[in-house]
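Here is how the chains run, residue by residue.
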Amino acid sequence: MGLVKPTSGSASILGGVIQDPAVRTQIGFLPEQPYFYDYLTAAELLNYYAQLSGVPGGERARRITATLDRVGLAKDAVNTQLRKFSKGMLQRVGIAQAILHDPKLVFLDEPMSGLDPIGRREVRDLIASLKEEGKTVFFSTHILSDAEALCDRVAIVAKGELRGVGVVADLTSSMRGKVELVWEGVQAITAVEALGGETHVAGEMIRAVIDDAKLDQAIDTLRVNKARIISMTPVRATLEDYFLSKLAQSSGGNN
Amino acid sequence: MRIAYIAANTFREAVRDRVLYNLIIFALLMIGSSLLLGQITIGVERELLVNLGLTAISIFGVLIAIFIGIGLVSKEIDKRTVYTVLTRPVQRWQFILGKYFGLVSTLAVNTLFMAAGLFAALLFVMRRFQHADVYVLVAIFFILLQFIMVTSFTMLFSSFSTPIESAVMAFCFFVIGNFSEDLRALAAASTGAVKIFASAAAYLVPNFSALNISSSVAHGEAVAGRIILLNTGYAILYSAAMVAAAALIFQRRDMK
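For the record, the sequence lines run as chains U and P. Positions 169 to 423 (this note's numbering) are the ones given, in order, by the first sequence. Positions 12 to 267 (this note's numbering) are the ones given, in order, by the second sequence.
Mixed in with the good hints there might be a few duds.
Claimed, not checked - These stretches of chain P come out as covered by chain U in the derived footprint (C-beta under 8 angstroms, 3 or more residues):
| no. | region |
| --- | --- |
| 1 | 24-32 |
| 2 | 71-81 |
| 3 | 90-100 |
| 4 | 260-266 |
Claimed, not checked - Heads up, simulated DSS-like pairs for lysine-lysine below, C-alpha to C-alpha not over 25 angstroms straight-line:
| no. | chain 1 | residue 1 | chain 2 | residue 2 |
| --- | --- | --- | --- | --- |
| 5 | U | LYS173 | U | LYS272 |
| 6 | U | LYS299 | U | LYS346 |
| 7 | U | LYS299 | U | LYS272 |
| 8 | U | LYS303 | U | LYS272 |
| 9 | U | LYS394 | U | LYS346 |
| 10 | U | LYS255 | U | LYS243 |
| 11 | U | LYS382 | P | LYS90 |
| 12 | U | LYS346 | U | LYS173 |
| 13 | U | LYS252 | P | LYS86 |
| 14 | U | LYS414 | U | LYS346 |
| 15 | P | LYS206 | U | LYS255 |
| 16 | U | LYS173 | P | LYS206 |
| 17 | U | LYS382 | U | LYS327 |
| 18 | U | LYS252 | P | LYS206 |
| 19 | P | LYS86 | U | LYS243 |
| 20 | U | LYS382 | U | LYS394 |
None of these hints come from the bench; they were simulated from the model. Note that CB positions come from ideal geometry on N, CA and C, so glycine has one too.
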């Protein structure tokens, strides 16, 4: 993004080297916890950024109004100095400045932080609509359900290292192949545990997660032990499970 | 064009941060002293008023140049506003130049108002303008040249040190600059290492001695056109070197 100098090597984006300012007309960027010139109004700030991004003079006013409308900033806030803005309003202005110049590629660092549930929902919808327009949105978040809901591809970074990258479904499929079994009948516990399933007792009910391959064996065991099967549910892995498993792997490796 | 946009925004920031409020104090000072000087008629009113006015213009401007100059770039980095500017198609040197011209234009507007105030006071006290007043205008122009230079080295200092250190260094530079004539004299009179050191220092610090003509114009002395030309050229070259150095340092800096 032109902020940090490479110690070695080179990087290119959209067919140009990252040091080339011309490439940056096609990139929008929202820093984490953004700060803006608080002596400006939202409209003035966007005008300044539009000038710097090379938006033609005749188009600026229209673009600014449309963008502020799109991020849902109230009309009466447009001509208010940013120092009077709440964090959520600033976040909206931040997203507005990132998409103002109609970039092909948008980087959003923690776009949902500081927003209330409605605001987060709106930002999610906004990211989805940018995606529909054919823009590439690259965002970071620690709310994995947001990533799972929006992303085509995700990368997991823990302790500064890349732990995994790929399509969400592919990443989580490595976690599939487990079934959750719930039954009544404590007499079957030992037999099921022998198959590799850890059991949890809650009142009358016993719960165990076992490998898909051992499901038939487990059911037989339960029948033999006269247990009453309550449910069998395939475990759908979430990105969170994947993330945690990657973390566990890495800390296992370190120890 | 982008340099102009950045400069305009810097100017707007200074205005909205109420930097120009110093003009009120200046205006009060001018009104007060002209009323006071109006009482006496011993032939030194003009000299006193011009001296006082030029000194006030210089002090206000230098204070603004240093105190805003130290934060021009560092404030943008601290407040992280620089992230949303440098990730746009803006070169770093354009950013530095834009910030520089923004403060210089603030100082120019500020000086313009103060000059108008001084001339209004002159008119009030003397009842008419005289030919020598043109040279007061030249003195004000030279003061503005000093501001341009002060802004440039303040910016350079702030590109590699903290705001407070930069302010201290800039003040020292300003003061030494006013004695640069003495440094030159020392270099001429000494030999060996002292000579080398003194002449190096004399070239490095801004030569404000040559730009300080307040007392001579207060006496009604004329200023040669050649001097105006040389001083202007000197101030521009000196500032350009300082700003270029600041830009070079900024160019290498990592924004984290």
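To see whether the hints hold, each was checked on the structure:
For a cut-off of 8 angstroms, the count of residues in the region 24-32 of chain P with a CB near a CB of chain U stands at 3, and the three-residue condition holds. With 0 residues carrying a beta carbon less than 8 angstroms from a beta carbon of chain U, the region 71-81 of chain P misses the three-residue requirement, and the given coverage is violated. By the rule of at least three residues with a Cβ nearer than 8 angstroms to a Cβ of chain U, the coverage given for the region 90-100 of chain P holds, with 10 such residues. A stretch counts as covered by a chain when three or more of its residues have a beta carbon under 8 angstroms from one of that chain; for the region 260-266 of chain P and chain U the count is 3, and the coverage holds.
For the proposed pair LYS173/U and LYS272/U, the alpha carbon gap of about 23 angstroms is at most 25 angstroms, so the pair holds. For the proposed pair LYS299/U and LYS346/U, the alpha carbon gap of about 33 angstroms is over 25 angstroms, so the pair is violated. Of the pairs offered as hints, the one joining LYS299/U and LYS272/U holds, with about 10 angstroms between alpha carbons and a cut-off of 25 angstroms not exceeded. A threshold of 25 angstroms between alpha carbons decides the hint, and for LYS303/U with LYS272/U the separation of about 5 angstroms falls inside it, so the pair holds.
With a C-alpha separation of about 23 angstroms, the suggested pairing of LYS394/U with LYS346/U holds against the 25 angstroms cut-off. At roughly 17 angstroms between alpha-carbon atoms, LYS255/U and LYS243/U fall within 25 angstroms of each other, so this suggested pair holds. With a C-alpha separation of about 58 angstroms, the suggested pair LYS382/U and LYS90/P falls outside the 25 angstroms cut-off, and the hint is violated. With a C-alpha separation of about 46 angstroms, the suggested pairing of LYS346/U with LYS173/U is violated against the 25 angstroms cut-off.
The suggested pairing of LYS252/U with LYS86/P holds, with an alpha-carbon distance near 20 angstroms, which does not exceed 25 angstroms. Proposed proximity of LYS414/U and LYS346/U is supported: the alpha carbons are some 17 angstroms apart, at most 25 angstroms. Restraint check for LYS206/P and LYS255/U: not satisfied, since their Cα atoms lie roughly 60 angstroms apart, outside the 25 angstroms limit. Between the alpha carbons of LYS173/U and LYS206/P the distance comes to roughly 41 angstroms, so the proposed pair goes past 25 angstroms and is violated.
Only pairs whose Cα atoms come within 25 angstroms are accepted, and LYS382/U paired with LYS327/U is rejected, the gap being roughly 36 angstroms. In summary, the hint linking LYS252/U to LYS206/P is not supported, as the alpha carbons are separated by about 58 angstroms, beyond the 25 angstroms threshold. Annotation: proposed proximity of LYS86/P to LYS243/U is violated, straight-line Cα distance about 30 angstroms (limit 25 angstroms). Distance check on the hinted pair: LYS382/U and LYS394/U sit about 18 angstroms apart at the alpha-carbon level, within 25 angstroms; holds.
Checked against the numbered hints above, the structure breaks hints 2, 6, 11, 12, 15, 16, 17, 18 and 19 and satisfies the rest.
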